[in-house]
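Sequence order for the protein chains is A and B.
Residue 75 in the numbering used here is what sits at position 71 of the first sequence, and the numbering runs on without skipping anything.
Residue 717 in the numbering used here is what sits at position 347 of the second sequence, and the numbering runs on without skipping anything.
Mixed in with the good hints, there may be bad ones.
[Claimed, not checked] Derived DSSO-like pairs: lysine-lysine, alpha-carbon spacing no greater than 27 Å straight-line:
hint: 1; chain 1: B; residue 1: Lys-705; chain 2: A; residue 2: Lys-63
hint: 2; chain 1: B; residue 1: Lys-552; chain 2: B; residue 2: Lys-417
hint: 3; chain 1: B; residue 1: Lys-619; chain 2: A; residue 2: Lys-15
hint: 4; chain 1: A; residue 1: Lys-19; chain 2: A; residue 2: Lys-77
hint: 5; chain 1: A; residue 1: Lys-19; chain 2: B; residue 2: Lys-619
hint: 6; chain 1: A; residue 1: Lys-15; chain 2: B; residue 2: Lys-628
hint: 7; chain 1: A; residue 1: Lys-63; chain 2: B; residue 2: Lys-704
[Stated by the list, open to error] Pulled from the structure, derived: some chain A residues nowhere near chain B, Cβ distances all over 12 Å:
hint: 8; residue: Asp-55
hint: 9; residue: Cys-58
hint: 10; residue: Ile-174
Since the hints were derived computationally from the structure, they do not count as laboratory data.
Owing to the predicted nature of the structure, the values given are computational and were not obtained by experimental measurement.
Where a beta carbon is used, it is the ideal one built from N, C-alpha and C, also for glycine.
Single-letter residue listing:
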Amino acid sequence: MKNPVTELFGKSPIKPLQDHMALVAQCALELPAFLDAAIANDWQKAEAHYDSICVNENKADDIKRELRLRMPKSLFMPVSRSDLLELLTVQDNIANRARDIAGLMLGRRMAIPSAIQDDMRALVNSAVDTTQQALRVINELDELLETGFFGREVDFVEQLIRELDEKERIADGIERTIRRKLFAVEKDYHPIDMMFLYDIIHKVGGLANRARRVGGRLQTLVAR
Amino acid sequence: MTLFTEYGLILIILAAAFGFFMAWGMGANDVSNAMGTSVGSKALTLKQAIVIAMVFEFLGAYLAGGAVTTTIRSGIIDPTALVETPHYLVYGMLSAMLAAGLWLSIASTLGWPVSTTHTLVGAIVGFAAVGIGPDVVQWNKMGRIVASWVISPLIAGVIAFALFRSVQVLILNTSDPFARAKRFIPVYMFAVGFLISMVTTVKGLKYVLADAGISFAEATIISVVIGIVTALVGIYFLSRIQPNPEAEKLNRFHSVEKVFAVLMVFTACCMAFAHGSNDVSNAVGPLAAIVGVVKSGAITNTTELPSWVLLLGATGIVVGLATYGFKVMATIGKKITELTPSRGFAAELGAASTVVIASATGIPLSTTHTLVGAVLGVGLARGIAALNLRVIGSILVSWLVTLPAGACLSILFYFFFKGFFGS
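Chain B extracted, bound-state conformation (with noise of 0.2 Å):
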């Protein structure tokens, strides 16, 4: 195509400069939110925090990363059905990243606590519905998505009701809740090692090394080798911790909470490798969609992702934690003191474990808003003091707001590209 050998350098400069915009503004807020937990419960420092989600994000975003990225690209819209114009891919997928863009800008300045996915998923269906016509869009997998979304905080309260449950019966209603918890505390310690490596290993390395080859088994063998790693680092640090009878006179389980700061440490690892997994990768999939149809000239069925395009995400999201995440990070972490590391590992966990699921089965959700059903999942077994309920109320409003919000915006954009650069 003409159109690509013309333009095909600044069409690639402008979505990378877009998708690097989208990765920042998530480095920025986002990652705070899923970070913040560990910081309000004192668990982490902000700089121990920042240094963590820097490492985790990134190889969050670059080993695990892959399959939300590949259901941007290809999975919501038909990709086939572009053949003939392929450029209508290039100039919807633009458009896409220019609304999430701008309606994430605008709900910032009014307060609203919209997902940056919502938004990316809502702009891509509006520009393929309306501008190209609605059979492009693949409405099942789309309603499967949108499925998730309720789905996701739901399964996230259950895993972490269950978590803090079993803190509760095995570790802090027993006689000597110190000596238990340095007990039992290595086997979450193993459940987060294996839970990142299993999904590395079985979904995320094809997109890295295109042949790993490693089988289920294997896959499953290393995890297992993993998480004892994990665990025994974890029994390291552990046995660093002696109690403090001192403190513990104000309350008693003081020093049991030291041991839960500790798991709370690899918690914070495992949250923002899920969420560096997920959101990483929304931000960067129109940009694969973009390199892939202006270097190859046509709509490819490939699942081959440039390493490059996983690499500016991950470093955007890094450069946007640096500039002004961790000013963020540190308002929610003064914000949130109520969270014990007990509880709030429950609630990490839980989110965690339900993002990087569906990042290994592809599909884009809200760290966030699946964050906010691990914390009401806590707050269901007794363990928080106080929750707001009429921030669910607001979350579903920012529903059913951005997707037509984002839809539109991509809706004028697209109109704007096709008649800037051609149909």
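Chain A extracted, bound-state conformation (with noise of 0.2 Å):
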């Protein structure tokens, strides 16, 4: 007999997207190292890191989809479904992010020069820690619905959000850096590779920007 008391609990979606955001941000972890295969020009190590981008990649599309195919209108959630939707979809764009930054530059077998070797680590680390407090952020999900998205918790999840703005401008300012400094050398350069370095910086200031859209779109989840 269909018993109204189990059918009545549909799967938390909360969970799974919390895995998500923790693959996602795994994804975005590899990219440090990567860069130091890339400038140490062992693009075979290189390589293995950006298989293990892909795998995770793929592993949180598995994920996105199977979240999305059980999350029907008939479902009563203490957040917009919309909303819940979206946010996976931010989520998602990091890994994607990540991948595309990673196979382009082992793609093109990319140089860095030394000029910006060093704020190039610096805009990546930051940006890795953006995409870490982001996965901070999400790691609240539970705890915000355990409190009814109100009161305390929410002003601790604010907090968060605050921190991930702060993050995010400091990466902006690291790739501004970069930007200038790179003005300065380019000439030395073949056009081509510099206007997809360019590319790549721009790429990983996105990467940051992406991750803070999560905050973002967590707020508008708690606010309804």
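If you follow the hints, you should be able to join the two separate chains into one complex; please do so.
The structure is reproduced here in structure tokens:
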């Protein structure tokens, strides 16, 4: 007999959402090591890092697909369904972006001019730091649910989101510095390489930006 | 009546067998719904849940089930209209039990969430209105019962919502939820003890002890004392819960939930008591009516209830639980892991208090539907990650189908019995 009590409980989307974010953050976490390998011109090692990004990205994709499938409109949730799906997309973009960055650099065997190598490392670290903060924010979702999305816990999450924004601003600052430094030396290198290098810098900055948007999405989720 | 001297024993045995079967069915299915929430939230192990269910279902049925039994027996049908033909009531009640049993079996195979209570009430109204005459049905009382089926999930939802909100404000959204939980949870425990003993002393005991003679004031004092004792027992168990900083890294409310798990043991008792007081009484109500008529040979207006009737129902439920119910409970427990103790207790206490008060006023209702209402209440307080609202639709459909189905079946059986035993 179908049981009204068990039928009543849908599967919580929160745990899968957190698992998804953890995988996404893991993708970004490969980037510093990837960059080191690239700077050292060790493309075999870089490819290994790229592969592990792809593995995690695929896993995250699987979670995304399954989560979308089992969130029917009849599900009654404490947060809006469309906000939740939107948050999922934003998270997924982080993984895609990490893969794009590694993929492009690997494909073109991109050399980083020594003048900006340190700043490049700082930029990547800063972007990864931002995604880690986004993960921290997402990991508060179950506590938010526990408290009914109001009161102290919301204040706490607001604080985490403010920190997230701050981290993104730092990444932004580094990005600007790199552009300025690269502009000074770009004429010494092949123009097409420089075009793509600017693109990579833009993409790494975008990674931090996307991580920040996770926080923004969560804010709308909580506000309702 | 010659019928009763000739067939009296057979009729009573038949009725007792049906009544036992219905109580068994409840033990196998309904109890699991009521207790599954405790197992699902991991507040109780399966074994503990079964022991609590057995003890408190029994107590609920025995101590607080009298009023509902009386409603089933003589509240829906006006017994005075049948003084000339008391055997019609016997046929009718037998048919109602048979119809309810059959319909529940059909519904189970088809997977519909129907309620035993609703089926039985439909069956009683059916045989009475068609087999005897629409006048014997006390329609205004019937209207009140049906209205209560809609209202009870709503009330349970409101109570559960308020309880969960109070938990959020008083305990969870504070700087030290663990200490606050230890301070405030005994209050909820007091409420559980008070509620159960109030219902028992004010309404229940008169069916067990004919001249208990407890005044309302005395009942209040007794209940307050029992409530305080309950809270003290609770405080003792709470004092043994220590915070677990390791597990709190994953979820800051881990230790707090452990405290709520203790509370949930108490609300689980309350839930089992409530279920016993309402549903067991449904199962044995027709039996009580039949025994009353056959023993005296006439319709009597007494509220006296042979205590073996309630005992039979209570035993039936315990047997159902022991033979089959534990499996269902395990399945439910696995499926509703999303319910943490802090939410589960709010849902359980909301449902249990609604059902217990309904039992005290003699209104038969569906414990399962009330619990669904209570869970939705917690959900409205933004407390549950995902609720499947299609269930509400299937419950509404089952309401619309169950009353006529129970009625039709019982009309069929009624005319069969009338032809078989003679009018």
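Against the structure, the hints:
no. : hint                     : in the structure
1   : B/Lys-705 with A/Lys-63  : 25 Å, holds
2   : B/Lys-552 with B/Lys-417 : 26 Å, holds
3   : B/Lys-619 with A/Lys-15  : 24 Å, holds
4   : A/Lys-19 with A/Lys-77   : 19 Å, holds
5   : A/Lys-19 with B/Lys-619  : 16 Å, holds
6   : A/Lys-15 with B/Lys-628  : 23 Å, holds
7   : A/Lys-63 with B/Lys-704  : 26 Å, holds
8   : Asp-55                   : 30 Å, holds
9   : Cys-58                   : 28 Å, holds
10  : Ile-174                  : 27 Å, holds
Violation of the numbered hints given earlier is absent; every hint is satisfied by the structure.
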